[in-house]
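Chemist: Sequence:
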Amino acid sequence: METNKTLLALLYASALALTACGGGSSSSSTTEQPPANETSGSENSGNSTPTLLQDTSWSAGQDRVLGLSYGGTRDNPVISMLKAKPVEGQDGDLFTLQSVAYPQTDFSITRTIDNGRDRQDYQKFDIISSNGKDYVIACQDGNNSVGYAQSTKLHIWESSAPDDVEAIGLSDINGNFHLRGCNSLDALFTQGSSTAMEAKVYVVGYSEPDNAGFSGDRLVQVSLVFDTTQTIDQGAISFLSGEARAAAQNLYQAGPNDSLDAVAAYGNNIYFFTYEDDNAYNTLYYMNGAAANPITKVVSQSVNDVFAGVAQQMSVKDMTLVQGINDHDLIYLVSDSDAPGIAVAGHRPFVAVPARTLAKTSDTLAQRCSDVITANPANGYGQKMWCYDATEAGKVLELQAPGYP
0 METNKTLLAL
10 LYASALALTA
20 CGGGSSSSST
30 TEQPPANETS
40 GSENSGNSTP
50 TLLQDTSWSA
60 GQDRVLGLSY
70 GGTRDNPVIS
80 MLKAKPVEGQ
90 DGDLFTLQSV
100 AYPQTDFSIT
110 RTIDNGRDRQ
120 DYQKFDIISS
130 NGKDYVIACQ
140 DGNNSVGYAQ
150 STKLHIWESS
160 APDDVEAIGL
170 SDINGNFHLR
180 GCNSLDALFT
190 QGSSTAMEAK
200 VYVVGYSEPD
210 NAGFSGDRLV
220 QVSLVFDTTQ
230 TIDQGAISFL
240 SGEARAAAQN
250 LYQAGPNDSL
260 DAVAAYGNNI
270 YFFTYEDDNA
280 YNTLYYMNGA
290 AANPITKVVS
300 QSVNDVFAGV
310 AQQMSVKDMT
320 LVQGINDHDL
330 IYLVSDSDAP
340 GIAVAGHRPF
350 VAVPARTLAK
360 TSDTLAQRCS
370 DVITANPANG
380 YGQKMWCYDA
390 TEAGKVLELQ
400 APGYP
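Numbering (numbering that gives the first Met the number 0), first residue to last: 0 to 404.
Since the hints were derived computationally from the structure, they do not count as laboratory data. All values reported here derive from a predicted model rather than from experimental measurement. Hints may contain errors.
[Said to hold, decoys possible] Using C-beta positions, here's what the derived DEER-type ranges look like:
no., residue 1, residue 2, range
1, G60, D105, 13 to 23 Å
2, F349, S47, 31 to 41 Å
3, D105, S361, 28 to 38 Å
4, L51, N278, 38 to 48 Å
5, S107, Q61, 32 to 42 Å
6, P49, I324, 20 to 30 Å
7, G308, G234, 47 to 57 Å
8, I294, Q103, 43 to 53 Å
9, T111, A351, 43 to 53 Å
10, S47, G308, 21 to 31 Å
Beta carbons are placed, not taken as given, at the ideal position from N, Cα and C, and that holds for glycine.
Go ahead and model the full structure; you've got the sequences and the hints to work with.
Modeler: The structure is reproduced here in structure tokens:
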């Protein structure tokens, strides 16, 4: 599938409102300090019974949660969850994507994928929406392929047509590397028209060189164009580069012993978390995706594990972000059920004010969060967000996005 000149012209000429998981982030040239009223973290400290979304088919000790994604609108959100469980007598696991639309609280299955003999696990996913269509973008790793090297793949389908799937291998367009793992994924629509909507997909995971170089984790960007007037089997997806395969553009390569654990993006603002082995730093980075040669900026860096309160490598399973007052991004990280809670950092791009380093919120409901987390970036702090409930197997907890501690 090649992007023709007309589509590209429409793409770069249009500047429509951003949708779904994506969104526009306006910048400012002032030096205004972050507002003091964005420091409250007690929005969820009341005694009212929290809303819990439940998977009534959850099998404790067997099922594991892989991802959580937001859709719909602020008043009528749709929350989707990806889970997996092993199946006796086969190599591959059984993966289930399910959703719940408010005011319902029970998840319903939208797609089941039985990997059978396929050892390549689905790891993460996101859902992006434009022009009335919801697209699922799921990441299948290449680490467990047997007998030959297999790249990580993006599997893309419309929620209304789950059996019509486009598979894209994540290899460098110049043949320098291919991804084998998928630690985290975030996707968003940026701009365009109904026949040429640009989308960015950010993936972090283990990579191997095709030529010279070393193995290690990378952050890559895939630029796609969606024709929302067409179905997947009609060729709705093409590559912005016009190439016949995915242009997995390298944005950041970690050191050989470093790990890249999570990524979250909104507009041109990209945040990712890494553990740097040489100096034992747990580091949250910011990157401006609109720059011709994006460079990293440290938002938070410490040898301490914010979740455990000791000096050690942090286990970060997922992250999301929302916009606060004056475009001050709040970034939320969760660990696993052994160290539940939400760590929060604050950063205001393009403004010379100090970043707010990672700190664990004291918010009551946030203390129950683990594994996966999602929110609508445009809704801002104090609005609804969701996480897996470490205290209730198979439950997703609704809470208000807390302010900075």
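Chemist: When the hints from earlier in the document are held up against this structure, which numbers fail?
Modeler: Those not satisfied come down to hint 5.
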